[in-house]
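Please work from the sequences and hints to get the whole structure.
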Amino acid sequence: MKREEIEKRGEELIKEFSEAIADVKEEVETYYVSELVNVVRIDSEPVQKKDFKDKMLKIAPSVDEEGNIRVEIGKWVG
Amino acid sequence: MEVLIGLEIHEQINTKSKLYCDCPTNYRDVSPNTNVCEICTGCPGAKPMPPNQDALDAVIAISLMLDCEVLTNRPVYIQRKHYDYPDLPSGYQRTSLPIGINGKVNGTRIREVHMEEDPGQYDPVSGIVDYNRSGVPLVEITTEPDLRSPEEARLFLRALYRILDFSGKAREEPGTLRVDANISMAGGARVEIKNINSVKGVYRALKYEITRQKSLLTRGEAVRRETRAYLESQMITVPMRTKELEADYRYIPDPDIFPLVIDSNKVEAIKASLPEAPHMREKRLIQQYGIAPLHAKVLTSELALADLFEAVAKKIDPKIAALWLRDKLKNVLNYYGIRCAESLLIPEHMIELLKLVQSGSITPETGEKLLQRMVKEPVSPLKLVEELKLTKIVEEKLLEEAITKAIAQNPQAVKDYLSGKSEALNFLMGRVMKITQSRADSKVVIQLLKQKLKR
Numbered sequence: 336m337k338r339e340e341i342e343k344r345g346e347e348l349i350k351e352f353s354e355a356i357a358d359v360k361e362e363v364e365t366y367y368v369s370e371l372v373n374v375v376r377i378d379s380e381p382v383q384k385k386d387f388k389d390k391m392l393k394i395a396p397s398v399d400e401e402g403n404i405r406v407e408i409g410k411w412v413g
Numbered sequence: 027m028e029v030l031i032g033l034e035i036h037e038q039i040n041t042k043s044k045l046y047c048d049c050p051t052n053y054r055d056v057s058p059n060t061n062v063c064e065i066c067t068g069c070p071g072a073k074p075m076p077p078n079q080d081a082l083d084a085v086i087a088i089s090l091m092l093d094c095e096v097l098t099n100r101p102v103y104i105q106r107k108h109y110d111y112p113d114l115p116s117g118y119q120r121t122s123l124p125i126g127i128n129g130k131v132n133g134t135r136i137r138e139v140h141m142e143e144d145p146g147q148y149d150p151v152s153g154i155v156d157y158n159r160s161g162v163p164l165v166e167i168t169t170e171p172d173l174r175s176p177e178e179a180r181l182f183l184r185a186l187y188r189i190l191d192f193s194g195k196a197r198e199e200p201g202t203l204r205v206d207a208n209i210s211m212a213g214g215a216r217v218e219i220k221n222i223n224s225v226k227g228v229y230r231a232l233k234y235e236i237t238r239q240k241s242l243l244t245r246g247e248a249v250r251r252e253t254r255a256y257l258e259s260q261m262i263t264v265p266m267r268t269k270e271l272e273a274d275y276r277y278i279p280d281p282d283i284f285p286l287v288i289d290s291n292k293v294e295a296i297k298a299s300l301p302e303a304p305h306m307r308e309k310r311l312i313q314q315y316g317i318a319p320l321h322a323k324v325l326t327s328e329l330a331l332a333d334l335f336e337a338v339a340k341k342i343d344p345k346i347a348a349l350w351l352r353d354k355l356k357n358v359l360n361y362y363g364i365r366c367a368e369s370l371l372i373p374e375h376m377i378e379l380l381k382l383v384q385s386g387s388i389t390p391e392t393g394e395k396l397l398q399r400m401v402k403e404p405v406s407p408l409k410l411v412e413e414l415k416l417t418k419i420v421e422e423k424l425l426e427e428a429i430t431k432a433i434a435q436n437p438q439a440v441k442d443y444l445s446g447k448s449e450a451l452n453f454l455m456g457r458v459m460k461i462t463q464s465r466a467d468s469k470v471v472i473q474l475l476k477q478k479l480k481r
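As they're listed, the protein sequences go chains F and P.
Here the first sequence is numbered in our numbering, starting from 336 and rising by one per residue.
Here the second sequence is numbered in our numbering, starting from 27 and rising by one per residue.
Because the hints were derived from the structure by calculation, they are not lab data.
On a predicted model such as this, the values are computed, not experimentally measured, just so you know.
In this text, a Cβ means the ideal position worked out from N, Cα and C, and glycines have one as well.
Treat the hints with care, since some could be wrong.
No farther apart than 20 Å at their CA atoms in a straight line, the calculated lysine-lysine pairs in the PhoX-like style are these [unchecked claim]:
no. : chain 1 : residue 1 : chain 2 : residue 2
1   : F       : K410      : P       : K220
2   : P       : K297      : P       : K130
3   : F       : K384      : P       : K73
4   : F       : K384      : P       : K42
Output of the computed footprint for chain F on chain P, the stretches with three or more beta carbons under 8 Å from beta carbons of chain F [as the list claims (entries may be wrong)]:
no. : stretch
5   : 40-48
6   : 77-85
7   : 147-153
8   : 283-295
Take a look at the structure:
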């Protein structure tokens, strides 16, 4: 699918969704977690998860030899 | 043209583990993407651990040191702030509702103090992403737009940095302070400059931005509401994106984290254990040790320097200690571009050095040279003096030899001195000091030089 078609379809979806929820009344924001508070943990000796790094880098889009993930450069510095 | 500047300051909090997981926080000491787990890289389905209590206590302590009211006995929700950027793997940053409000530093009003997690590191120039930093606890401090110039912003940041340093809660490594600056001028929209990494950077970015906006407004053009990036290498700001509004961040309370309710008794307990504020310590040093106000100001510019002074002043005349730390040590630190906290100088070695100078075993010039080494390695000055044979030359014969050599090697300076140019004597003294490797007493050298040149 071409970019223009995707954008057009996206706009249509937003429009349809907006129409579908047009009649939904605006509610006061609800916070469901209200009973239990102050669940914290004491700062303790940290743990390094040695296996996780390899797993993460395996699914990264691009990785350099130092273990950095490579993504696109900032458009504003190009 | 009136300029309004407000700042948003982020400083890392010194904890062992991250804010919502138990990964280590020493992200600079390890190779890229090592201190990471499912939680701090936002893997689908990974739930955060409860917030780190020490980070929360640190934010409360910092709020109190900034003269803020700490919001007690009401729920403080941890919110998800959504935005899209390569350093934010989950697509949102967890940030608390305000913990402290309405503070003041140097006459500038502090609007709010929050606790939040640091994103990872993304270098827009190379496209490199490292998530080691992702999840390190931060304190976020926002000011009202009370600042009117880059100079005021610089003074404010220095004062704020001093308080954070004295709180003992912030990370000591340099470069942990990051600032976003909001700036607007009459007739233009508000512009935000993101992620400036130093006080100097803030000053330069604001200077540039004021010039840019002034020039647009003078030409009758509009200043757009936008977010700009500061390019440190070029000392300019460039457009990044159009400025987000609060609604764009789509804040929602994080459903995985229970709200925090700060108890007023807890706040009182933290208040009772707060360290001495820098301005109070400055006053105390003047009163307790009888040192000059200017010395006290410099000594309290950094917590480690103030601590070092008080440790040394127990064994050495405080006025001499203050003079050496303020002048000689600060010079050496500035030369290396490091802070006292980063140096390897310990109080025992500084005391030893000053005793050597006071007893006349070494010259002040030798002391200064030793200091250059002592900030880089934890070495006893006494041992260095013995090893390198740096004791002061007291034998007049050796001094005479050095003076004769200096005179012979510099006939023009001798001629100048004899024709009335008194500064030539200082030059000759410098040559003698070089020949003797600064082991000669400069006062004695001057006397001997004068006598010799009279003959």
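We went through each hint and held it up to the structure:
Simply put, K410 of chain F and K220 of chain P have alpha-carbon atoms about 15 Å apart, close enough for the 20 Å limit, and the pair holds. For a cut-off of 20 Å, the pair hint linking K297 of chain P to K130 of chain P stands: about 17 Å separates their Cα positions. About 16 Å separates the Cα atoms of K384 of chain F and K73 of chain P, which keeps this hinted pair within 20 Å; it holds. With a CA separation close to 15 Å, the supplied pair K384 of chain F and K42 of chain P stays within the 20 Å bound.
Requiring three or more residues with a Cβ within less than 8 Å of a Cβ of chain F, the coverage given for the stretch 40-48 of chain P holds, as 5 such residues are present. With 6 residues having a beta carbon nearer than 8 Å to a beta carbon of chain F, the stretch 77-85 of chain P meets the requirement of three or more and the stated coverage holds. Evaluation of the coverage hint for the stretch 147-153 of chain P: fulfilled, as 5 residues show C-beta separations to chain F shorter than 8 Å, against a requirement of three. Judged by the Cβ-Cβ criterion of 8 Å, the stretch 283-295 of chain P is covered by chain F as claimed, because 5 of its residues qualify and three suffice.
The earlier numbered hints are all upheld by this structure, with none contradicted.
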